[in-house]
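Undergrad: Spelled out from the first residue to the last, the chains are:
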Amino acid sequence: MQQLAGPIKYQEWNLDLARKAAQEFADHTGGLMKALHKIQETFGYVDDSAMLMLGKVFNLSRAEVHGVTSFYHDFKRSKPGTYTVKVCQAEACQAMGSDKLTEEIKALLGVDFHETTASGDFTLEPVYCLGNCACSPNIMVDKQTYGRVSVDGFKALADSLAVAAKAEAV
Amino acid sequence: MSIKIYIPRETTADSLGAELLVKAISTEAQYRNQDLEIVRNGSRGACWLEPLLEVETESGRIAYGPVTTEDVADLFDADFLAGGKHPSLLGDVEALPWFANQERLTFARCGIIEATSVSAYESLGGYVGLNNALATDSNGIIQEVSDSGLRGRGGAAFPTGIKWRTVADCKADQKYIVCNADEGDSGTFSDRMIMEGDPLSLVEGMTIAGIAVGADKGYIYLRSEYPLTQVILEEAIANAEAAGYLGENIQGSGKNFTIEVFMGAGAYICGEETSLLESLEGKRGQIRFKPPLPAIEGLYGKPTVVNNVISLASVPVILEKGGKHYAEYGQGRSLGTMPFQLGGNIKQGGLVEKAFGLTLRQLIEDFGAGTATGRPLRAIQVGGPLGAYFPDSLLDTPLDYEEFAKAGGMLGHGGVVVFDDSVDMAKQARFSMEFCAVESCGKCTPCRIGSVRGMEVIDRIVEAETAEARAAEHIVLKDLCETMESASLCAMGGLTPIPVLSAVKHFAADFEQ
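So the sequences go chain by chain: A and B.
Residue numbering for the first sequence follows our numbering, beginning at 1288 and increasing consecutively.
Residue numbering for the second sequence follows our numbering, beginning at 132 and increasing consecutively.
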């Protein structure tokens, strides 16, 4: 299985930058969701310090902002690994052995769901359906979906991703 | 002369290396001094043939598939640009029984044209529907949609014409069209395919809906698991704007309509329409009490049409060819066509658009060619994670809303997931409860707590040491399911018992390990 995309470069957390990003959406429909997406994409997570800031931008209480942020699986509260690997857990992938694939991936990376490898290369997450159900089992690495993933295929992919992460870090 | 070849820019093809294939072919062509143009179409829906490459030759389009980067040099050696012989040669893809036996109305253009090109779209009947809509009035459009018999393709199957009529009859300073593209049901991908392969059909359908009910603002609420879809949709919207099909004074009609793509954030429940509206307002995706219906008080309390992608994408062909033409397909109260999605353990998976009425067996055996593993088929889940599990004895059930309900199932969004005989149905039943627990919005107790209790009860059933103990737990499970069914606020908690109880009913032995 060949690597299809390189790592996403997240910026170091910067509250001023996050505020600027949020202010752009201050009077948008669903502005808070858009701001959270933008912050998540820029930094890889939404820092705790963003709660009060977002409340001020959108005229909400800190609790309301926390309520929205914590409701959605996509918004993370701590810095993820270089790559986020999502393994589909839904029925179509189950029918093609995703349970076994998940176990093998967990063993290979040495982490459970919602954890990051010691190397900092991978954060593992579950996902429920990637909409590629005729080519199961599926995984997603950042924004790239991979179909018909085998254990060996994943091993090769993980190796090349780790190499790319190191090259990026140099 | 430059030769045209088609390689899909679409998630399935992409997940199997289509992007690498495009690069490899470009490089090889350059190396061989071969002038060629690569057109990025959507997928035709035969996922089992992806990446599917087509060459435009004098004798029509010649297909090769599945093609990988390793085949590229061989393909050039075999003179594939002239339709040369190669192990992956398929010939005219539309002549394959898999395609020839389909009835494509909504997906007529999907995979054939360059996905985001307005002129390509127009060349195959695109925007005829909108022009017809502009030539008539609100009543005329809604009548046509009512005549078509179109029912909500998202799963609830509510008549689209009635919903539009309700919104059209509301007096308000602002109305909205909201497209539900939060396709979260496992085993479904038709929304994604049409949005990636023929996005302008959705854009046109939404525009027609806007004109029909008097709304000038549309939103597509797209799930974040579809990043490529977002790129393609936004490109299509920009192209439609540039061509005067969106924005102000559409085609000189004085009507305005704009569309914005709004990204979800990984919450299954946001596929429920009121939860979706909350999310679109930037809030937690918790469901609202109904009534009021969104048609009367929807986004920001304004009258709102919330329709599924396929419902809206079916509108252009209805306005193009007439509601009566569409209603000639199908049977009973299930009129028109349905894009069924064959997934899971299936040999020839993908999208099959057919008139309602074919049987599950025809779909799985004739189109799907059986299981991918080659083992005997044991269970089929139709309609997503809230749909029933059927045993092979129900394979002759016709795919029709009412017939499916009679058999204790539901057609939902048309997703069909096949399992072979290695499946453990007690595990599947437990998963249904687990999924509900993970994805419940938490607003009502039967769903939030019931799903957790459901997992525990199923565990106790499986671990029961005596038949009496097991029977006692089965009573608890049945009782719990009854509570969830009748006391949950929305379909999430209300329908989770369907897969659970169908597994218990049809696969009782799996609960006695």
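There's no promise every hint is true.
[Claimed, not checked] Think about it this way: if two alpha-carbon atoms lie no more than 25 Å apart in a straight line, the pair counts; the simulated DSS-like pairs of lysine-lysine are:
no., chain 1, residue 1, chain 2, residue 2
1, B, Lys574, B, Lys478
2, B, Lys478, A, Lys1387
3, B, Lys154, A, Lys1296
4, A, Lys1430, B, Lys302
5, A, Lys1453, A, Lys1343
6, B, Lys414, A, Lys1325
7, B, Lys414, A, Lys1366
8, A, Lys1363, B, Lys414
9, A, Lys1321, B, Lys478
10, A, Lys1430, A, Lys1442
11, B, Lys154, A, Lys1321
12, A, Lys1321, A, Lys1307
13, A, Lys1393, B, Lys558
14, B, Lys574, A, Lys1363
15, A, Lys1387, B, Lys558
16, A, Lys1321, B, Lys414
17, A, Lys1430, A, Lys1393
18, B, Lys558, A, Lys1321
19, A, Lys1387, A, Lys1430
These are calculated hints, taken from the structure and not from any lab test.
Since the model is a prediction, treat every value here as computed from it, not as a measurement.
Undergrad: All hints are to be evaluated individually against the structure, with a verdict given for each.
TA: Here is what the structure says about each hint:
1. Lys574/B x Lys478/B: Distance ~40 Å between Lys574/B and Lys478/B Cα, so the pair is violated.
2. Lys478/B x Lys1387/A: Holds, at about 20 Å.
3. Lys154/B x Lys1296/A: holds (24 Å)
4. Lys1430/A x Lys302/B: Cα-Cα ~42 Å, so violated.
5. Lys1453/A x Lys1343/A: violated (39 Å)
6. Lys414/B x Lys1325/A: Cα-Cα ~16 Å, so holds.
7. Lys414/B x Lys1366/A: holds (23 Å)
8. Lys1363/A x Lys414/B: Holds, at about 17 Å.
9. Lys1321/A x Lys478/B: violated (40 Å)
10. Lys1430/A x Lys1442/A: holds (19 Å)
11. Lys154/B x Lys1321/A: Violated, because 33 Å separates the two Cα atoms, which is more than 25 Å.
12. Lys1321/A x Lys1307/A: holds (13 Å)
13. Lys1393/A x Lys558/B: holds (20 Å)
14. Lys574/B x Lys1363/A: Cα-Cα ~22 Å, so holds.
15. Lys1387/A x Lys558/B: At roughly 14 Å apart (the allowed maximum being 25 Å), Lys558/B and Lys1387/A satisfy the hint.
16. Lys1321/A x Lys414/B: holds (11 Å)
17. Lys1430/A x Lys1393/A: Given pair Lys1430/A, Lys1393/A holds - Cα atoms ~20 Å apart, limit 25 Å.
18. Lys558/B x Lys1321/A: violated (38 Å)
19. Lys1387/A x Lys1430/A: holds (23 Å)
In terms of the numbered hints stated before, the structure departs from hints 1, 4, 5, 9, 11 and 18, listed from lowest to highest.
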